[in-house]
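Go by the hints and put chain U onto chain D.
Protein chains: 2
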Amino acid sequence: MALNLDKNTNVRMGMDQKSVGLVETKTHTFAKPPNELLLECGRKLGPITIAYETYGKLNDKKSNTILILHALSGDAHAAGYHSYDEEKAGWWDIMIGPGKAFDTNKYFVICSNILGGCKGTTGPMSINPESQKPFGMSFPMITVSDMVNVQKELIDHLGIKKVLCLSGGSLGGMQALQWTISYPDWVEAVIPIATTSRLSAQSLAFNAVGRNAIISDPDWNNGEYFPGKTPAQGLAIARMIGHITYLSPESMHDKFGRRLQEKEQYSYDFVTDFQVESYLHYQGIQFVERFDANTYLYFTKAMDYFDLAGKFGSLERAFEKIKSKYLVISFTSDWLFPAYQSREIVRALIKNGVDVSLCEIKTPYGHDAFLLENEQLTRLISSFLSNLKLKEK
Amino acid sequence: MALNLDKNTNVRMGMDQKSVGLVETKTHTFAKPPNELLLECGRKLGPITIAYETYGKLNDKKSNTILILHALSGDAHAAGYHSYDEEKAGWWDIMIGPGKAFDTNKYFVICSNILGGCKGTTGPMSINPESQKPFGMSFPMITVSDMVNVQKELIDHLGIKKVLCLSGGSLGGMQALQWTISYPDWVEAVIPIATTSRLSAQSLAFNAVGRNAIISDPDWNNGEYFPGKTPAQGLAIARMIGHITYLSPESMHDKFGRRLQEKEQYSYDFVTDFQVESYLHYQGIQFVERFDANTYLYFTKAMDYFDLAGKFGSLERAFEKIKSKYLVISFTSDWLFPAYQSREIVRALIKNGVDVSLCEIKTPYGHDAFLLENEQLTRLISSFLSNLKLKEK
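First to last, the protein sequences are chains D and U. Numbered continuously in this note's numbering, the first sequence closes out at residue 393. Numbered continuously in this note's numbering, the second sequence closes out at residue 786.
Just chain D, with the same shape it has in the complex (with noise of 0.2 Å):
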């Protein structure tokens, strides 16, 4: 799949010798009516469609296979570019491709767009069969199992009977988690990273407010956007209110502290003053362009619901069954879902005897550190790997 540049008609791209090159998203259909998929909330979904990528080449064994799961704002492209006119990798293209933490030349990586995205997954903006209007809000509720349930089926659809390592932050780890607890037999290994069993009362708090600006949109009218119309205003402000939660005090300090925007002096009017002021504004507007508001409510309520202890009666009992091997990664300044509630689950994992390492990675970086460039998570990651290709053989 990866592409020989040509480094004369596109040396931006041909720079960068470690990337997957040219990729494309493709998709997989299934839950055909009357084969629904029955989710959690007890509503039934079909037909169901799965946009994902994959880079590297599945070893004959079918071994090799790497999931990477998404975040609150990813999509199926997780590496490489789309197109020669891309301007940005996937978003993860710092820790996929040849030479890499999740080396190319090794594995077989795949990623998928989560259930009720809008990346191609069926989500909100989808077509409802029985309406044949997209769903907006008859969409159902769908939680962290329900999108760990689609992501198998492409697994089952792509022959594969075990996946060598699971892998994502954020909601990306929350679905790692569920992975190792919804298929026990299917998973040899898993890397959370900076995320947790359940959302404490503050990040339910910021997730609330989020919704409600989107909700109090004028534009958004119930999900059924008007034409030509989406509830950009209100989408930008939780993505503003989110990207404030996603870096740390510290980061935000070094990279603006209290910086003017293109001026020497207070402007003494309500136009934007300071640098951050500026980047948020910016974080907002570009996102609007990408996403989609009723897909942000569903992912954030999804987040919500995660509760590991809550379903369970405890965490420890939720990972009874759990036969995966375990690499837990946080970053001390990630506040969103701090230290301490990794640490929350690998005490419990290691009551039921499960193999599992935990590391703390020190980052001034906040709770988007997995997203940065990052040697020591990529030293993490790859020496992982590597030690379970070795068992392997």
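Because the hints were derived from the structure by calculation, they are not lab data. We put the beta carbon where it would ideally sit given N, CA and C, even for glycine. Worth double-checking, as some hints may not be accurate.
Straight line, CA to CA, 25 Å or less: simulated PhoX-like cross-link-like pairs of lysine-lysine [claimed, not checked]: (1) Lys263(D) <-> Lys755(U); (2) Lys425(U) <-> Lys411(U); (3) Lys437(U) <-> Lys263(D); (4) Lys648(U) <-> Lys229(D); (5) Lys351(D) <-> Lys61(D); (6) Lys255(D) <-> Lys311(D); (7) Lys161(D) <-> Lys26(D); (8) Lys311(D) <-> Lys648(U); (9) Lys321(D) <-> Lys311(D); (10) Lys133(D) <-> Lys62(D); (11) Lys656(U) <-> Lys44(D); (12) Lys455(U) <-> Lys554(U); (13) Lys106(D) <-> Lys323(D); (14) Lys18(D) <-> Lys106(D); (15) Lys512(U) <-> Lys656(U); (16) Lys255(D) <-> Lys704(U); (17) Lys526(U) <-> Lys454(U); (18) Lys437(U) <-> Lys704(U); (19) Lys229(D) <-> Lys119(D); (20) Lys311(D) <-> Lys656(U); (21) Lys57(D) <-> Lys119(D).
Partner residues are not named here, just some residues of chain D that face chain U (Cβ under 8 Å, in silico) [stated by the list, open to error]: (22) Ile155; (23) Ile181; (24) Pro184; (25) Pro218; (26) Gly257; (27) Tyr268; (28) Phe270; (29) Val271.
Okay, now just chain U, sitting in the frame of chain D:
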């Protein structure tokens, strides 16, 4: 001013022996053209009306004045009741009254609504004499310095030559700091609480998102609200964001955890599931009924602009002319204006030889702790004040 309550007619008020009783808001108008007040932004404003309340009696020497400075959402009504029917006492009633921390048996306590406010003091809701319409966004940008200058006019008007003590939390604390810089000879002592000499990048960011929510509410209409309509949704969202920052993660956990609101199971719908959502929603709705969105814009901007080190070159230089005695109080769990910011203030005061005490109160209640019943806070203030009294004799 304290009322002898008839317990037969008003049990609720009669039960509180420490209430200042029935109080009323007074006003003073000054800066009438052509003597408008020159603001820091360079524009002039006048006439200016300042709304204020007083509790206790000014002594013959006019030496027992305590000036209370309110925060973002406060007003002049700091203690007692406006009527028998008023459900809630003034915003700092727990601290102001006979026998309380700011003891109205001893002190003459004044609280005024800040310049730019919406509770009687001239602000964006006031009528612009030029247009005969509400100022809206034609109201000049105001700063903490301007707020203090207006308070100084009130003190002069009341014939007070020196204030015994100034105190306030958050934005109120900023005003307290500014008073000792602007009018070093007028302030005997000062108690800034849960405050900062400048906002961090993260706090700037939260303010920016709150303003964005207001400004993108179509009912805001560039500050000229449509008849009978206010940007209620935007202001509610701004308030919800604020509220998250006023509480600590611990106190949110203790208060709400992941408890559901009047249900035992998830609703699998977009109604309110968690108590914390319901609480924030309620806070948002309540606020909208009593507060003006444009004032919210102006106050948060004044907080953003407050930067003593930026203005004077360093915090040490900002405090060069200070003659007041200082008691700086911070809360360990305050993450909006963290305790380290109070320590910065104290270090710079010490370098200037100011008589300063610092107290970091260990509490889980976050930034809002200054508004809550707190025995330690009460004791600290009482004892600080009584020492001042002794010196005065």
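Cross-check of the supplied hints:
| no. | hint | verdict |
| --- | --- | --- |
| 1 | Lys263(D) <-> Lys755(U) | violated (40 Å) |
| 2 | Lys425(U) <-> Lys411(U) | violated (39 Å) |
| 3 | Lys437(U) <-> Lys263(D) | holds (24 Å) |
| 4 | Lys648(U) <-> Lys229(D) | violated (39 Å) |
| 5 | Lys351(D) <-> Lys61(D) | violated (33 Å) |
| 6 | Lys255(D) <-> Lys311(D) | violated (40 Å) |
| 7 | Lys161(D) <-> Lys26(D) | holds (20 Å) |
| 8 | Lys311(D) <-> Lys648(U) | holds (21 Å) |
| 9 | Lys321(D) <-> Lys311(D) | holds (15 Å) |
| 10 | Lys133(D) <-> Lys62(D) | violated (40 Å) |
| 11 | Lys656(U) <-> Lys44(D) | holds (24 Å) |
| 12 | Lys455(U) <-> Lys554(U) | holds (8 Å) |
| 13 | Lys106(D) <-> Lys323(D) | holds (24 Å) |
| 14 | Lys18(D) <-> Lys106(D) | holds (13 Å) |
| 15 | Lys512(U) <-> Lys656(U) | violated (39 Å) |
| 16 | Lys255(D) <-> Lys704(U) | holds (21 Å) |
| 17 | Lys526(U) <-> Lys454(U) | violated (43 Å) |
| 18 | Lys437(U) <-> Lys704(U) | holds (21 Å) |
| 19 | Lys229(D) <-> Lys119(D) | holds (18 Å) |
| 20 | Lys311(D) <-> Lys656(U) | holds (15 Å) |
| 21 | Lys57(D) <-> Lys119(D) | holds (24 Å) |
| 22 | Ile155 | violated (26 Å) |
| 23 | Ile181 | violated (18 Å) |
| 24 | Pro184 | violated (25 Å) |
| 25 | Pro218 | holds (6 Å) |
| 26 | Gly257 | holds (6 Å) |
| 27 | Tyr268 | holds (4 Å) |
| 28 | Phe270 | holds (7 Å) |
| 29 | Val271 | violated (11 Å) |
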